[in-house]
Amino acid sequence: MKNKLKVLRAERDWTQAQLADALEVSRQTINAIEKGKFDPSLPLAFKAARLFKLSIEEIFQDEE
Amino acid sequence: MTNDVNNARSKPTDWQQANKINTARLAFWTATWVLTMALTNFGPRFLWDFDQVLTITAVILNLALGLKMVLVNIKHIKGLDEMQQRIQLNAMGITLGLSLIVGLTYSNLNVVNLISFHAEISHLVIFMGLTYLTATFIGSRNYQ
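Same order as they appear, the protein sequences are chains A and B. Just so you know, we're using this note's numbering here: the first sequence kicks off at 29 and counts up by one. Just so you know, we're using this note's numbering here: the second sequence kicks off at 13 and counts up by one.
Be careful, since some hints might not be right.
Stated by the list, open to error - Partner residues aside, some chain B positions facing chain A, computed with beta carbon under 10 Å: (1) D26; (2) W27; (3) Q28; (4) N31; (5) D61; (6) I89; (7) L92; (8) Q96; (9) T148; (10) S152; (11) N154; (12) Q156.
As the list claims (entries may be wrong) - List time: in silico DSS-like cross-link candidates among lysine-lysine, alpha-carbon distance up to 25 Å: (13) B:K32 / B:K87; (14) B:K90 / A:K75; (15) A:K32 / A:K81; (16) A:K65 / A:K32; (17) B:K80 / A:K75; (18) A:K63 / A:K75; (19) A:K75 / A:K65; (20) A:K65 / B:K90; (21) A:K75 / B:K32; (22) B:K90 / B:K80.
Claimed, not checked - For the chain B half of the interface with chain A, some residues (derived, Cβ under 10 Å), not all of them: (23) T25; (24) E94; (25) E132; (26) I133.
Just so you know, these hints were derived from the structure itself, not from any lab. Quick reminder that beta carbons are idealized off the backbone N, C-alpha and C, glycines included.
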């Protein structure tokens with residue numbers, strides 16, 4: 029699954045640690061999601077969508 | 013919201029604080045359990061001259077603290093984020109599987125006299141600990 033987390037974060041000038049704190053996960057988890065190594069659960073994806081005021085589809089895209 | 017995120021690093025969040033407390037609690041109860049394990053093993057010989065009441069008390073105390081440690085560990089794992097939980101779950105699965113296979117093979121070696129020494133349960137515990145540590149380390153590396 030692809031995502032725009034890194035771009036969205038950079039646009040807001042947030043660090044990985046700041047985003048991790050806001051989503052209540054570890055910085056390592058944010059790093060893994062940005063690199064596409066870990067797919068977040070639906071609740072976490074919704075949380076990210078609420079934080080960025082976007083829909084889930086605008087942040088996460090299926091690669092197929 | 014943006015200001016909230018920008019200010020987020022100025023102090024530990026509730027999530028971080030809860031994790032720190034859970035980790036400290038786990039360390040405390042693990043240390044307590046290990047101490048009572050030592051007391052149960054060495055107490056009868058060196059402290060109370062095999063008094064049966066004290067020995068049974070030590071065994072029950074050790075068991076009770078072991079159960080408390082398990083409950084605290086469950087709370088600790090529930091407090092981790094979803095990726096950390098997955099790493100722990102994978103490590104537990106690998107540890108359980110390998111311990112079963114290696115443990116029984118080790119026992120067989122002892123039964124058929126292919127090893128000269130007695131197969132001790134402590135060897136299996138050491139193997140489980142090292143396997144869990146290695147699996148957790150490799151799991152964490154895979155997500156970096």
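Problem set entry | Numbers of the earlier hints that this structure fails to satisfy, in rising order | Of the numbered hints given earlier, those the structure breaks are 5, 6, 9, 17, 25 and 26, listed in rising order.
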